[in-house]
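Chains as they are written, first to last, in this note's numbering: chain A, 1 to 96; chain B, 1 to 492.
I should point out that these hints are in silico values taken from the structure, not numbers from a laboratory. Backbone N, C-alpha and C fix where the C-beta goes; we use that ideal spot for every residue, glycine too. Incorrect hints may appear among the rest.
[To be verified] Straight-line distance between alpha carbons at most 20 Å, and here's what the computed EDC-like set of lysine to aspartate or glutamate pairs gives: (1) B:119 with B:288; (2) A:93 with B:345; (3) A:44 with B:379; (4) B:92 with A:66; (5) A:25 with B:423; (6) A:14 with B:342; (7) A:93 with B:348.
[Stated by the list, open to error] Restraint ranges, calculated between C-beta atoms of paired labels, are given here: (8) A:22 with B:347: 19 to 29 Å; (9) A:72 with B:296: 38 to 48 Å; (10) B:110 with A:52: 26 to 36 Å; (11) B:330 with A:74: 35 to 45 Å.
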Amino acid sequence: MSSAPQLDIDHVAKLARVALTPEEKATFAVQLGSVLHHIEQLAKVDVAGVEPSAHAFAVHNVWQEDVARPGLPADQALRNAPAQRENMVVVPKVVE
Amino acid sequence: MSAAMSAVPLHYRTIAELAAALAAREVSAVELAQAVIARAAAVEPRVRAFNSADPADALAQAAASDARRAAGQARGPLDGIPIGFKDVIAVKDQPLTASSKMLANFVSPYDATVTARLKAAGAVLYGRLNCDEFAMGSSTENSAFHPTGNPWDVTRVPGGSSGGSAAALAAGEAIATLGSDTGGSIRQPAALCGVVGLKPTYGLVSRYGLIAYASSLDQIGPFTRTVEDNAIVLGAIAGHDERDSTSYRAEIPDYRRELAARRGPWKLGIPKEYFGAGLDPEIGAAVEQAIAFYKAQGCEIREVSLPHTQYCLDTYYIIATAEASSNLARYDGIRYGHRSADAKDIVDLYFKSRAEGFGAEVKRRIILGTYVLSSGYYDAYYLRAQKVRTLIRQDFLNAYKEVDALITPTSPIPAFKLGEKSDPLAMYLCDIYTIGVNLAGLPALSLPCGFTKSSLPIGVQLIGQPFKEADLLAIAQAYERGHDWKLRTPVL
């Protein structure tokens, strides 16, 4: 993190599964470049021996009783599906 | 009812006043809902705080409230009170869009926990309120649908991301509203619109049914006209929920009753890092006057230091975008949300649905978040940010060894012009005084503390200790009792 790395926008967009236009790529590369440059100052912080915190108040081992409860009925669960048939979500063909 | 109070139109009264009027049968819930609906119809063309609204449904809820009251079964101070919801909180059978094309046609199949609790308290749920897309932004300009105007000057932003919630309340289109706060998204718009906005301690209010942005930072909280009203709404929505695994098992006091019980004087800390370059001089002066008021009330004022403050913004933009990139992976065009019509195969469907469904700021944050989590960069960015987060939290906890609460500006600048900030980094700097609170998981609220010379509201931020909302609200009310900023309403 000593020198600002170049963000390979094509590679990252592919990882994120977002198609970007050439204009978006050019704009984001510049904008995120300045954000990353700003973020570089974190390298100055001495974090030796510091534990990372994922949450402000760590809550561990949250268990629930294993009891069956009513969930969403199929028609409600499918209510927002872009395409559906016979209580199933229709998707493009995955296997030829 | 005093003559002065009865001069205030119904849509600008407080929950406490209206609860008393409803109980005394001076007004019905239906009349109140009609007043709010009429007010919204009158001012919405200029304010545009709503994404959608269902007046018939609100009137039916109000009629049910009146029927309960007539039967002697009124449920408390919120029964019959119209409350608006930021459009990221699920209300069964109502739209839930996150102000995104991705969810433009989504209708919620269930209630969020806060929704269920407010329904149980008898509130009249009215209005889906505009925000920055997926709660990402500080001006509500990132909404895919339309910007919202600040009621004090509709050519200016209401703040964000909960801009519609703040603007609707300030414009009299609701009696209270709910928002969500990940880096300041309740407090900053509350400051810019001149209302009270509270971000509770992380874990106090269930996130079940809140569209996730950054799960370790997100909290739902109330916007209200007064501190007492905030205590009333908080009391209704706070408390453990087994459907949110980060929900905390804290004892929930009667916040409203505690207001009367807690009188101070308190020890208040002034973090010197929050009064540096970039702070608007008029805001600085107003906050100094608020500090002077507390001192005059017998509070002890101490300068404290939060030495890692300068790293909050960077830490936030690593953690929040990383979590966002993970949370928003669910929007793939398969089970719900926008699906591209011209994809050639399943992978293409993901790429195109997301490209078409998300706006620029959401894409930027997904890209940044994906990058900081990607192979080779995880340790340098994400892991390091989580360690700095520990240090930021320790700064606050160290300060609380000396003081009860901290007092700072909420926003470095007053409401700015729509379209004024086109650079993302400049927009991110709007949150410099609010994001540390989310990283540390603390409760904090913004309280009106004056106006600029051009009549724009100014907010002061009070930051409390974990789960000590009762103290935080009492400290805020001590200031509020000595000032009458809440009596001013915008000219619309």
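Against the structure, the hints come out as follows:
Only pairs whose Cα atoms come within 20 Å are accepted, and residue 119 of chain B paired with residue 288 of chain B is rejected, the gap being roughly 41 Å. Between the alpha carbons of residue 93 of chain A and residue 345 of chain B the distance comes to roughly 7 Å, so the proposed pair stays at or under 20 Å and holds. Distance hint between residue 44 of chain A and residue 379 of chain B is fulfilled; the C-alpha atoms sit about 15 Å from each other, no more than 20 Å. Among the hinted pairs, residue 92 of chain B with residue 66 of chain A is inconsistent with the structure: their alpha-carbon atoms are about 26 Å apart, more than 20 Å.
This hinted pair checks out: residue 25 of chain A and residue 423 of chain B have alpha carbons roughly 16 Å apart, not beyond 20 Å. Between the alpha carbons of residue 14 of chain A and residue 342 of chain B the distance comes to roughly 19 Å, so the proposed pair stays at or under 20 Å and holds. Between residue 93 of chain A and residue 348 of chain B, the direct Cα distance comes to roughly 12 Å. Compliance with the 20 Å bound is thereby established for this hinted pair. One distance hint, 19 to 29 Å for the beta-carbon pair residue 22 of chain A and residue 347 of chain B, holds here, with the actual separation near 20 Å.
Range check, residue 72 of chain A to residue 296 of chain B: Cβ separation about 56 Å, and the 38 to 48 Å hint is violated. Range check, residue 110 of chain B to residue 52 of chain A: about 34 Å between beta-carbon atoms, so the 26 to 36 Å window is met. Checking the proposed 35 to 45 Å range against residue 330 of chain B and residue 74 of chain A shows it is violated: the Cβ atoms sit about 19 Å from each other.
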